[in-house]
Amino acid sequence: MDGMSASDFGSILLMQGFNGLSVFSVLVLMALGLAIIFGQMGVINMAHGEFLTIGAYTTYVLSHLTTTYFPHFLPYYFLLAIVIAFCLGALVGYLVEITMIRHLYKRPLDSLLATWGLSLVMQQSFRSAFGAKEVSATLPEWLLGSWQPVPSVDIPLNGLFVMALTVLLTSGVALFMYRSRGGLHMRATTQNRLMAGAVGINTGRVDRGTFAIGCGIAGVAGAAFTTIGSTRCAKFARHDCLGIHDCTDQLDAGVLYHRFHGQGYYAASHHLHLDVATGRIVLVQGAQVNPGCASNSSIGEHA
Amino acid sequence: MTELNKPNWTRAELASLAILAAIIFLVLPLGLDIFRLNLIGKYLTYAFVAVGLVLCWGYGGTLSLGQGVFFGLGGYCMAMYLKLEASDPITTKIQSTPGIPDFMDWNQITSLPALWVPFNSFFLAVLAIFVVPGVLAFIVGVAMFKRRVGGVYFAIITQAVAAILTILIIGQQGFTGGVNGITDLRTLHGWDIRTDSAKYILYYVNGMLLIGAILLCRFILQSKLGKLLLALRDKEQRVRFSGYDVASFKVFVFTLAALLAAVGGAMFTLQVGFMSPSFVGIVPSIEMVIFTAVGGRMSLVGAVYGAIIVNWAKTIFSESFPQLWLFFMGGLFIAVVMFFPDGLAGLAERHAHKWTGKLTAMNWWQRLLRLLRLNAPTVVSQESV
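Chains as they are written, first to last, in the working numbering: chain A, 1 to 303; chain B, 304 to 688.
Some hints could be false.
Stated by the list, open to error - Not the full set, but computed from the structure, chain A residues with beta-carbon under 7 Å of chain B:
#: 1; residue: P108
#: 2; residue: W116
#: 3; residue: G117
To be verified - Ranges of calculated distance between the beta carbons of each label pair, as one might list FRET restraints:
#: 4; chain 1: B; residue 1: Q540; chain 2: A; residue 2: R187; range: 22 to 30 Å
#: 5; chain 1: B; residue 1: V438; chain 2: A; residue 2: Q191; range: 19 to 27 Å
#: 6; chain 1: A; residue 1: A164; chain 2: B; residue 2: Q398; range: 37 to 45 Å
#: 7; chain 1: A; residue 1: E134; chain 2: B; residue 2: R314; range: 35 to 43 Å
#: 8; chain 1: B; residue 1: L650; chain 2: A; residue 2: P71; range: 55 to 63 Å
#: 9; chain 1: B; residue 1: K538; chain 2: A; residue 2: L175; range: 52 to 60 Å
#: 10; chain 1: B; residue 1: N483; chain 2: A; residue 2: Q16; range: 29 to 37 Å
#: 11; chain 1: A; residue 1: P71; chain 2: B; residue 2: A638; range: 43 to 51 Å
#: 12; chain 1: A; residue 1: T99; chain 2: B; residue 2: I442; range: 37 to 45 Å
#: 13; chain 1: A; residue 1: H64; chain 2: B; residue 2: N483; range: 49 to 57 Å
#: 14; chain 1: B; residue 1: L650; chain 2: A; residue 2: E141; range: 54 to 62 Å
Hint data in this document are derived by calculation from the structure and do not stem from the laboratory. Computed from a predicted structure; not experimentally measured. Quick reminder that beta carbons are idealized off the backbone N, C-alpha and C, glycines included.
All chains, full assembly: derive it from the sequences and hints.
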């Protein structure tokens, strides 16, 4: 401690701040899909974490296939993985909306319970398909290094990548919501379903689209998580993923780490983070809830 | 009998309660060995939570996903008393500080924390079983309902409460026993709860308390308060504009459900012999909701069957096909919500209507007489021909 100069301290602060920011941006990415579904449709998707897991496992499977069959394709597969994760997440979300969610719009509490049931089924499916063991995706070279703006500061590239992805996706969603015809339909349906239907918007189709997009973004977040997971232990840990996804859920839906009984904590900082996040949930929700037009407030965007 | 025959008891209701009582007090004790009966006793402690949820969720329309909090607090209050009784200075003389619970000794705590001192007294411990969860539910209820937070938001906040309490219990290992909970409980006020006879007695006490809870809830539902609960579930604004203080009714019913859950938790500790955070958190709390949903969210008696059946299935599955359990549980959530929103009770009622629809016009012996009278002339006429 004695030998530490002010500039060392400054660079540590900078790197820690950057790490915090990159974890934060993964959380934002994870929360974004939920914010769309909850904010626009008023449906709390308790299975959101499982949609993240779809994206994460997609990346894992793709990296496995690439390293086995097309090793020279390794530098590029990750971009493809993001696209496929989006498509798979959206496809499953679309099917879930058709078979389940659309029958429950008038019963929000029931949709909460049904999606919880869905999350249990999906969890067990993943466990049966991939086993309970942690799996890791091989990351392309260009995500592994770090960038040194000054000699004492290391900024990991995957953190930068995730931050860029988050900024890109969030602004994309914002553009879509406020500048496109589809987004206009979406907002119209949220604000007044009957009237939106009356002016010729196919509200059922808008709902399906909204839900699918939300789930697709969850898939992308899952794929992005595999890079951040690698910063910590060079490994994409399924349980860590679940842990993180839960605390994301809880960031705007309050599902907190619903499986920590029997699995313990990973780190004290994680623990602290959960405590803080829980407190914030209560505060944010307490402050946000506006009974008359509760469905319009999208907590995720503020959290 | 005349008390029971008041017009507000229909024959079907009496019959369903009588059948439930017969199953709890006669059929199960005669048909099962003490190990299985003890398991049923455990399931019946969950039924307290399920019955409370019928009032709070089915009638009041307020879904709480944090009933495990109150179940756990009731259970912990009971467990703390039992633990102190089990840790007298003689049995714990090998500890570095004899006379305090073993897990405190493992966590380098050298004197009994102030939080635990009241639990030396049986009376205060029993009081705490009601007061601690009741006050917490009251505070949460007032804080939420007075600000008109309800529906999905309330459900999520109760879930956060469950998470906070679990983190607190696991984190404060020296005070709460951590993730293992409070184990190795032996006697209640000097009475050994581990013997078979004690298990029988506890089972019957539990059953009687449960029937009592159902009667209490039924009394409330029959009263004007029950009608108001339904009204505010269906048209909250209209009830408010009629001059009722909606928040107070919700606080009341939420607190009552919490108290019932606490009684269940205390009985759970007595029958199972330990209490741990795994009965407090988010997952157990949501599972408690499924008991009510399966049994029928509008049926007090149905909720008991729901608790028994789902837990029984859980035991069977985890004994024989552990990997199928989550599929079953998830499927149950989806199926109940999508296809049988009224649960087993709703199904039973729909099918019962098929025959009671024919039976209700007259009771069965009148019907029999009618049958005989109708048959008689034809027989005569055939003879005469």
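Hint by hint, which ones does this structure get wrong, listed from lowest number up?
Hints 5, 6, 7, 9, 13 not satisfied by this model.
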